[in-house]
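Participant: Chains as they are written, first to last, in this note's numbering: chain A, 1 to 135; chain B, 1001 to 1135.
No lab work stands behind these hints: they were computed from the structure.
Note that the structure is a prediction, hence the values are computed from the model and not measured.
All C-beta atoms, glycine included, are put in the ideal place defined by N, C-alpha and C.
Incorrect hints may appear among the rest.
As the list claims (entries may be wrong) - Okay, the calculated bits of chain A under chain B, using three or more residues with CB under 8 Å as the criterion: (1) 1 to 12; (2) 24 to 38; (3) 74 to 86; (4) 91 to 99.
What the hints assert, rightly or not - Keeping only pairs whose Cα atoms sit at most 27 Å apart, straight-line, the calculated DSS-like set for lysine-lysine is: (5) A:68 <-> B:1033; (6) B:1108 <-> B:1041; (7) A:97 <-> A:14; (8) B:1097 <-> A:30; (9) B:1068 <-> A:121; (10) B:1033 <-> B:1068; (11) B:1133 <-> A:68; (12) B:1041 <-> B:1097.
There are 2 protein chains.
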Amino acid sequence: MIPTHIEHIGIAVKDLATAIPYYEDVLGLKCYKIEEVADQKVRTAFFQVGQTKIELLEATAPDSPVAKFIEKKGEGIHHLAFAVQGIDEKLQEVAEKGIQLIDQKARKGAEGLDIAFLHPKSTFGVLTEFCEKRI
Amino acid sequence: MIPTHIEHIGIAVKDLATAIPYYEDVLGLKCYKIEEVADQKVRTAFFQVGQTKIELLEATAPDSPVAKFIEKKGEGIHHLAFAVQGIDEKLQEVAEKGIQLIDQKARKGAEGLDIAFLHPKSTFGVLTEFCEKRI
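Here chain A stands alone, though its shape is the one from the complex:
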């Protein structure tokens, strides 16, 4: 099961209201949706560029993972998400190869996708997500 494309790139920002104009007015992309993901304590803004989305992430609480990331590393690229098919089988496959999982099974993420994260300790520092659009 090989990833088909980069589904999205998650970018941690302090404030969507100041970051969105950069992506729109400077890069020329269009924010097509803002969505709150309550269990991740983030508000997200989406932009499509080719096959891939840019997903800006703003913390909605001080204990949000995104708030902690910014505190430690500053604003910047937070995670990388691969589109896969058969997400639960793929998770099992990588776990059997010694990869540490954050999510043992897929759960619902933004945009109605099934998602799961791999731990960056196992993936050379890259917080890595698998995403699947199930019908």
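Take the given structure of chain A and dock chain B to it, following the hints.
Facilitator: For chain B alone, kept in the frame of chain A given last:
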């Protein structure tokens, strides 16, 4: 001039020889080329996933920008590259909008592309690259 797609994602690693097997054996991607970019003091390994390449970056000298990045932040996502058309005009356009450029004009990068970087201070912490494949 709107970017057409994510050309590549640059990922800083300490050692290509240990990181490549993760991308190949765990994620299922195929390393199709290793290339040294002397003026950036890096060796790069490329993987294609949909429209986008993963570009692993290993420093070839202690004063390589990639070595400094790892020293400061650890291994992880280093930069984000957008495919654009008319790269020099695009650079001028973003500079006029107040973006700080690292490269005032495009120069040759890996894979024969014309490339230029924007400063992360201007781009909400994301080291941002424009790339153009000119014939």
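Participant: Hints first: check each against the structure and report whether it holds.
Facilitator: The hints, checked one at a time:
1. 1 to 12: It holds: at least three residues are needed, and the segment 1 to 12 of chain A offers 9 whose Cβ sits within less than 8 Å of chain B.
2. 24 to 38: holds (count 5)
3. 74 to 86: With 7 residues closer than 8 Å to chain B, the segment 74 to 86 of chain A meets the three-residue bar; holds.
4. 91 to 99: holds (count 3)
5. A:68 <-> B:1033: This hinted pair is violated, its Cα atoms lying about 36 Å apart.
6. B:1108 <-> B:1041: 14 Å, holds
7. A:97 <-> A:14: Violated: residue 97 of chain A and residue 14 of chain A sit about 36 Å apart, past 27 Å.
8. B:1097 <-> A:30: 17 Å, holds
9. B:1068 <-> A:121: Distance of about 20 Å is within 27 Å: holds.
10. B:1033 <-> B:1068: 24 Å, holds
11. B:1133 <-> A:68: 38 Å, violated
12. B:1041 <-> B:1097: 31 Å, violated
Of the numbered hints listed earlier, those contradicted by the structure are 5, 7, 11, 12.
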